[in-house]
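Number of protein chains: 2
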Amino acid sequence: MDLLAFLENRATVRQYSDKEVSKELINRLLEVAGHASTTGNMQLYSVVVTRDAEKKKALAPTHFNQPTFTNAPVAITFCADFNRFVKWCEESGAEPGYDNEFSFFTAAIDTLLLAQTFAIAAENEGLGICYLGTTTYTAESISKILNLPKRVVPITTITVGYPKSEPAKTDRIASTSWIHEEEYKDYSAEDIKKIFGYKDEMESNKKFIAENNKKSLAQVFTDIRYTKKDNEAMSKSFFDFVRKQFMCE
Amino acid sequence: MDLLAFLENRATVRQYSDKEVSKELINRLLEVAGHASTTGNMQLYSVVVTRDAEKKKALAPTHFNQPTFTNAPVAITFCADFNRFVKWCEESGAEPGYDNEFSFFTAAIDTLLLAQTFAIAAENEGLGICYLGTTTYTAESISKILNLPKRVVPITTITVGYPKSEPAKTDRIASTSWIHEEEYKDYSAEDIKKIFGYKDEMESNKKFIAENNKKSLAQVFTDIRYTKKDNEAMSKSFFDFVRKQFMCE
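Taken in sequence, the protein lines are chains S and Y.
Mapping the first sequence onto our numbering, position 73 (from 1) lands on 74, and the numbers just tick up by one.
Mapping the second sequence onto our numbering, position 156 (from 1) lands on 157, and the numbers just tick up by one.
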């Protein structure tokens with residue numbers, strides 16, 4: 002299959018078979034991903050690979066004990082890392098100035114380009130992957146367990162394994178709705194209905210709405226999955242931690 | 002060539018031929034990239050495609066008039082976008098709570114996974130791409146020119162075109178130096194020397210160090226390319242803008 006068709010038909014894999022994923026393969030996929038674009042060739046990232054049962058047990062609560070995490074043969078925590086680069090500066094008679102949120106964000110960009118290149122490379126090898134959003138929810142706890150030093154912050158985790166079964170493809174809104182030509186064209190109420198309308202009509206979503214006693218899929222998002230209260234709490238905890246790690250506050 | 006070898010041998014392309022890049026191809030590549038992982042299937046991004054000469058002229062200073070930008074047939078600004086999703090919530094009787102930095106960061110993650118999937122798909126079609134870090138330096142100016150509403154922040158820009166010549170591959174530190182098994186293993190001074198030592202020995206870097214009247218490559222980074230002063234100024238301007246866009250301050 003050509004790459005475009007492959008990318009178009011991919012789907013997240015949350016259940017894995019018992020088939021072993023070798024260290025050699027993971028390291029090769031990561032090495033290859035290391036050729037993704039990076040800011041000024043600084044490579045502001047590190048990854049921590051989790052396979053060990055004890056380590057997985059320690060990390061499980063940080064990922065809310067999701068079976069996707071606990072049953073995955075491998076989980077990789079992708080971290081924004083200015084520690085290594087700063088140490089190089091210090092060893093080279095240079096005075097680094099990277100103790101700030103902007104430098105954190107620059108490193109986060111590098112980290113995510115690495116992570117996504119790894120994800121595509123892994124899927125191309127027949128592996129299934131799942132991104133865990135829980136990483137930013139519990140970044141400080143994860144950092145303690147993985148022994149991350151100052152200037153290193155976990156950004157995302159990818160679980161990896163051979164798929165237990167063919168994963169179901171997820172719906173997407175039409176790409177024309179998020180591609181803007183020359184200028185951003187803001188959305189009218191009618192546009193919004195045209196773009197998202199199909200979602201409330203999907204049988205799986207109708208079931209999901211009913212199970213949650215809500216009137217619309219959007220309410221499931223705002224009232225249960227991603228609430229104002231949770232977002233505000235995480236806004237504080239995550240960025241407080243970023244500042245502690247990067248600004249040595 | 003298989004995908005792993007392809008990813009390993011890629012390089013950033015900063016000079017483009019006159020060959021046209023069709024709108025159909027760009028839209029197809031973006032559409033395919035839209036199947037990348039996204040937080041809770043919220044697709045918290047938009048892209049603005051720039052081709053128009055007038056628009057390019059207006060944007061050029063935000064990218065420091067780099068020829069990579071001004072000579073590229075196409076430039077795509079990838080934006081974290083909670084505007085569309087919030088409008089959907091409001092139209093669906095749901096009360097969104099996404100006016101916070103954490104939601105911004107969540108949207109930025111989605112945006113970067115989209116951008117990198119697009120980049121790989123584009124390179125696979127024979128196109129050359131270059132990420133522009135200037136996007137976060139001048140996010141507010143870019144937003145005005147592209148007419149971005151509240152809750153939309155530009156994260157990165159990718160220039161696209163057919164390569165004028167074979168690009169030179171950039172060096173990378175050994176992947177073993179940033180892959181940690183089970184726990185982060187911090188770097189000793191000796192480790193740092195082993196990891197980065199080759200950089201100061203490269204002929205191209207020796208020239209670069211001499212041209213800049215510095216004693217080490219690290220000093221070129223700290224004193225010229227990414228200075229403390231610039232990082233701190235951008236830390237303020239970028240996150241002030243994020244807060245203004247997302248928190249309606």
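No lab work stands behind these hints, which were simulated from the structure alone.
There may be inaccurate statements among the hints.
Identical copies look the same in the list; a pair holds intra-copy or inter-copy alike.
Stated by the list, open to error - With a cut-off of at most 20 Å between alpha-carbon atoms, the simulated PhoX-like pairs for lysine-lysine come out as follows: (1) Lys165 <-> Lys200; (2) Lys237 <-> Lys20; (3) Lys186 <-> Lys56; (4) Lys194 <-> Lys215; (5) Lys194 <-> Lys207; (6) Lys170 <-> Lys216; (7) Lys145 <-> Lys245; (8) Lys216 <-> Lys20; (9) Lys245 <-> Lys24; (10) Lys207 <-> Lys145; (11) Lys216 <-> Lys24; (12) Lys56 <-> Lys237; (13) Lys57 <-> Lys186; (14) Lys56 <-> Lys208; (15) Lys20 <-> Lys229; (16) Lys58 <-> Lys207; (17) Lys216 <-> Lys57; (18) Lys57 <-> Lys24; (19) Lys216 <-> Lys145; (20) Lys186 <-> Lys151; (21) Lys58 <-> Lys145; (22) Lys24 <-> Lys237; (23) Lys229 <-> Lys151.
Small disclaimer: the values here were computed from a predicted structure and weren't measured.
Status of the hints after comparison with the structure:
{"no.": "1", "hint": "Lys165 <-> Lys200", "in the structure": "neither (27 Å within a copy, 44 Å between copies)"}
{"no.": "2", "hint": "Lys237 <-> Lys20", "in the structure": "neither (40 Å within a copy, 48 Å between copies)"}
{"no.": "3", "hint": "Lys186 <-> Lys56", "in the structure": "between (48 Å within a copy, 15 Å between copies)"}
{"no.": "4", "hint": "Lys194 <-> Lys215", "in the structure": "within (18 Å within a copy, 58 Å between copies)"}
{"no.": "5", "hint": "Lys194 <-> Lys207", "in the structure": "within (17 Å within a copy, 59 Å between copies)"}
{"no.": "6", "hint": "Lys170 <-> Lys216", "in the structure": "neither (25 Å within a copy, 54 Å between copies)"}
{"no.": "7", "hint": "Lys145 <-> Lys245", "in the structure": "within (13 Å within a copy, 33 Å between copies)"}
{"no.": "8", "hint": "Lys216 <-> Lys20", "in the structure": "neither (42 Å within a copy, 51 Å between copies)"}
{"no.": "9", "hint": "Lys245 <-> Lys24", "in the structure": "neither (33 Å within a copy, 45 Å between copies)"}
{"no.": "10", "hint": "Lys207 <-> Lys145", "in the structure": "neither (41 Å within a copy, 39 Å between copies)"}
{"no.": "11", "hint": "Lys216 <-> Lys24", "in the structure": "neither (47 Å within a copy, 39 Å between copies)"}
{"no.": "12", "hint": "Lys56 <-> Lys237", "in the structure": "neither (27 Å within a copy, 38 Å between copies)"}
{"no.": "13", "hint": "Lys57 <-> Lys186", "in the structure": "between (46 Å within a copy, 18 Å between copies)"}
{"no.": "14", "hint": "Lys56 <-> Lys208", "in the structure": "neither (37 Å within a copy, 46 Å between copies)"}
{"no.": "15", "hint": "Lys20 <-> Lys229", "in the structure": "neither (40 Å within a copy, 48 Å between copies)"}
{"no.": "16", "hint": "Lys58 <-> Lys207", "in the structure": "neither (35 Å within a copy, 48 Å between copies)"}
{"no.": "17", "hint": "Lys216 <-> Lys57", "in the structure": "neither (38 Å within a copy, 45 Å between copies)"}
{"no.": "18", "hint": "Lys57 <-> Lys24", "in the structure": "within (16 Å within a copy, 46 Å between copies)"}
{"no.": "19", "hint": "Lys216 <-> Lys145", "in the structure": "neither (41 Å within a copy, 37 Å between copies)"}
{"no.": "20", "hint": "Lys186 <-> Lys151", "in the structure": "between (42 Å within a copy, 13 Å between copies)"}
{"no.": "21", "hint": "Lys58 <-> Lys145", "in the structure": "within (14 Å within a copy, 48 Å between copies)"}
{"no.": "22", "hint": "Lys24 <-> Lys237", "in the structure": "neither (37 Å within a copy, 42 Å between copies)"}
{"no.": "23", "hint": "Lys229 <-> Lys151", "in the structure": "between (29 Å within a copy, 17 Å between copies)"}
Checked against the numbered hints given earlier, this structure breaks hints 1, 2, 6, 8, 9, 10, 11, 12, 14, 15, 16, 17, 19 and 22; the rest are met.
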